[in-house]
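Chains as they are written, first to last, in my numbering: chain A, 1 to 92; chain B, 1 to 252.
Some hints here could point you the wrong way.
[What the hints assert, rightly or not] Example chain B residues on the side facing chain A (calculated, C-beta under 10 Å, incomplete): (1) M8; (2) I16; (3) E39; (4) N43; (5) G47; (6) A49; (7) D50; (8) L58; (9) Q59; (10) M60; (11) I109; (12) R127; (13) F133; (14) N158; (15) A187.
[What the hints assert, rightly or not] With beta-carbon atoms standing in for the labels, derived distance ranges: (16) A:N56 with B:V70: 39 to 45 Å; (17) A:D54 with B:V70: 51 to 57 Å; (18) B:Y32 with A:S78: 51 to 57 Å; (19) A:E42 with B:V151: 26 to 32 Å; (20) B:T10 with A:R73: 28 to 34 Å; (21) B:V139 with A:G35: 24 to 30 Å; (22) B:A147 with A:E62: 22 to 28 Å; (23) A:D61 with B:E148: 20 to 26 Å; (24) A:V64 with B:V70: 30 to 36 Å; (25) B:Q143 with A:G35: 28 to 34 Å; (26) B:K46 with A:D36: 36 to 42 Å; (27) A:N56 with B:K45: 27 to 33 Å; (28) A:V64 with B:K18: 33 to 39 Å.
[Unchecked claim] So these bits of chain B aren't anywhere near chain A, every CB distance computed over 12 Å: (29) T10; (30) A81; (31) E111; (32) Q115; (33) T135; (34) A146; (35) E155; (36) E162.
These are computed hints drawn from the structure, not numbers from a lab. All of these numbers come straight from a predicted model, not from anything done at the bench. Heads up, the beta-carbon is just placed ideally off N, CA and C, and yes, glycines get one too.
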Amino acid sequence: MIVRIAGEGQFRLPDEDSERLNELDNRAVSAVEQGDETGFQELWSQMLELVASDGNELDDDELVESDVILPPRDISFSEAQEEFTGEGLIPD
Amino acid sequence: MPGLGGRMSTVIKAKISKMLDRAEDPGETLDYGYQKQVELLQNVKKGIADVVTSKKRLQMQSTKLEESVVKLDTQARQALAQGREDLARTALERKTLAQTELQSLDTQIKELEGQQEQLTENEKKLRAKIEQFRTKKEVIKAQYSAAEAQVRISEAANGVGEQMADLGLAIQRAEDKTETMRARASAVEELEKAGTFEDLSQLGSGEDDIDKQLRELTSGAQVDDELAKMKAELGSGGGGDAPALEQGEEKA
Chain A
1 MIVRIAGEGQ
11 FRLPDEDSER
21 LNELDNRAVS
31 AVEQGDETGF
41 QELWSQMLEL
51 VASDGNELDD
61 DELVESDVIL
71 PPRDISFSEA
81 QEEFTGEGLI
91 PD
Chain B
1 MPGLGGRMST
11 VIKAKISKML
21 DRAEDPGETL
31 DYGYQKQVEL
41 LQNVKKGIAD
51 VVTSKKRLQM
61 QSTKLEESVV
71 KLDTQARQAL
81 AQGREDLART
91 ALERKTLAQT
101 ELQSLDTQIK
111 ELEGQQEQLT
121 ENEKKLRAKI
131 EQFRTKKEVI
141 KAQYSAAEAQ
151 VRISEAANGV
161 GEQMADLGLA
171 IQRAEDKTET
181 MRARASAVEE
191 LEKAGTFEDL
201 SQLGSGEDDI
211 DKQLRELTSG
221 AQVDDELAKM
231 KAELGSGGGG
241 DAPALEQGEE
251 KA
């Protein structure tokens with residue numbers, strides 16, 4: 001699977017990671033919904049860590065779409081809250 | 001899925017489809033697509049240049065705030081020398097606020113510098129991808145039937161489009177951030193410029209709303225400390241009970 005970290009680049013991860021990433025994502029969502037900033041930061045680090053440890057960055061000349069696009073690394077808790085409600089990280 | 005990944009993907013994909021209009025004939029799509037990419041690359045370059053300009057403006061604001069800090073400090077001393085402790089306190093409160101803002105501004109300027117590097121790096125990636133697309137489109141045109149070419153073109157165009165949309169959003173995010181910073185720094189500058197301290201003789205004794213708010217915002221303890229120090233320095237320390245350094249106690 002191809003994962004993009006917004007503002008950074010694309011990474012190729014083994015397909016098996018998809019489940020793990022999805023699980024972390026779901027838990028991160030719950031943390032945000034419960035206003036649990038520490039929990040969110042912890043899960044978000046784990047997601048980035050997974051991409052860093054299992055992923056290989058794609059070459060610049062590879063023209064493929066990502067399966068998942070993650071928000072920017074330095075996303076703040078309040079930005080994460082907007083992600084799920086309202087207009088999203090960046091309005092149109 | 002509506003999670004972090006899902007939401008972000010939706011935003012980017014919406015941007016891609018807005019960017020890439022498709023023509024009927026795959027050959028046309030290709031040439032048009034490439035042309036459009038080159039065009040958008042110019043926007044990206046301009047966007048990054050704007051971020052750099054905004055950063056420079058913030059650096060100028062930071063310099064101005066530094067000047068404000070010095071000025072307010074001087075004014076506090078003057079006020080104190082004229083026995084106006086109330087004014088000295090207000091000046092110091094404003095100084096504290098300016099200092100706090102200055103610190104946060106400088107931190108954010110550093111962050112912005114990091115973002116700028118990342119944007120430049122990603123612009124390089126985008127250029128490489130567009131170049132790759134240019135080569136690839138000729139191969140696709142030569143080798144595939146119309147139907148198959150369409151599929152491959154879509155893939156490649158979306159790959160480039162994603163990079164472009166992502167970079168566009170990153171630029172926008174950096175710009176939004178600088179706007180917020182600039183607004184805050186301006187507010188503090190205005191406070192200093194408000195003129196209250198231009199001429200001490202113009203000052204009334206009553207404090208206005210701004211000053212009341214300031215009192216709540218700034219750390220009273222820091223202001224008290226500074227005021228005490230200033231008094232000691234001016235040698236007008238309102239009685240000998242100021243916790244100033246004891247002088248003349250040095251042992252030879």
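Checked hints:
1. M8: Holds - the Cβ of M8 of chain B comes within 10 Å of chain A, reaching about 4 Å at its closest.
2. I16: For I16 of chain B, the interface hint holds, since the closest Cβ of chain A sits about 8 Å away, which is under 10 Å.
3. E39: For E39 of chain B, the interface hint is violated, since the closest Cβ of chain A sits about 18 Å away, which is over 10 Å.
4. N43: This hint is violated: N43 of chain B lies away from chain A, its Cβ roughly 16 Å from the closest one there, beyond 10 Å.
5. G47: violated (13 Å)
6. A49: violated (18 Å)
7. D50: violated (16 Å)
8. L58: violated (18 Å)
9. Q59: violated (21 Å)
10. M60: With Cβ-Cβ at 25 Å, over 10 Å, it is violated.
11. I109: With a closest approach of 15 Å, the I109 of chain B hint is violated.
12. R127: This interface hint holds because 9 Å falls under the 10 Å limit.
13. F133: holds (6 Å)
14. N158: OK, holds: N158 of chain B within 10 Å of chain A, min 5 Å.
15. A187: violated (20 Å)
16. A:N56 with B:V70: 39 to 45 Å: With Cβ atoms ~52 Å apart, the hint is violated.
17. A:D54 with B:V70: 51 to 57 Å: Holds: the Cβ-Cβ distance is about 53 Å, inside 51 to 57 Å.
18. B:Y32 with A:S78: 51 to 57 Å: With Cβ atoms ~40 Å apart, the hint is violated.
19. A:E42 with B:V151: 26 to 32 Å: Given range 26 to 32 Å: violated, Cβ gap about 41 Å.
20. B:T10 with A:R73: 28 to 34 Å: violated (19 Å)
21. B:V139 with A:G35: 24 to 30 Å: Hint violated: Cβ distance 52 Å, outside 24 to 30 Å.
22. B:A147 with A:E62: 22 to 28 Å: Holds, since A147 of chain B and E62 of chain A (Cβ atoms, about 24 Å apart) stay within the stated range.
23. A:D61 with B:E148: 20 to 26 Å: Distance hint for D61 of chain A, E148 of chain B holds at roughly 21 Å.
24. A:V64 with B:V70: 30 to 36 Å: violated (55 Å)
25. B:Q143 with A:G35: 28 to 34 Å: Roughly 55 Å apart at Cβ, these two residues miss the hinted range, so it is violated.
26. B:K46 with A:D36: 36 to 42 Å: Cβ of K46 of chain B to Cβ of D36 of chain A: about 40 Å, so the range 36 to 42 Å holds.
27. A:N56 with B:K45: 27 to 33 Å: holds (29 Å)
28. A:V64 with B:K18: 33 to 39 Å: violated (20 Å)
29. T10: violated (8 Å)
30. A81: holds (45 Å)
31. E111: violated (8 Å)
32. Q115: For Q115 of chain B, whose nearest Cβ neighbour in chain A is about 8 Å away, the distance does not exceed 12 Å, so it is violated.
33. T135: violated (9 Å)
34. A146: holds (20 Å)
35. E155: violated (7 Å)
36. E162: Its Cβ does come within 12 Å of chain A, the nearest being 6 Å, so this is violated.
Comparing the model with each numbered hint stated earlier shows that hints 3, 4, 5, 6, 7, 8, 9, 10, 11, 15, 16, 18, 19, 20, 21, 24, 25, 28, 29, 31, 32, 33, 35, 36 do not hold.
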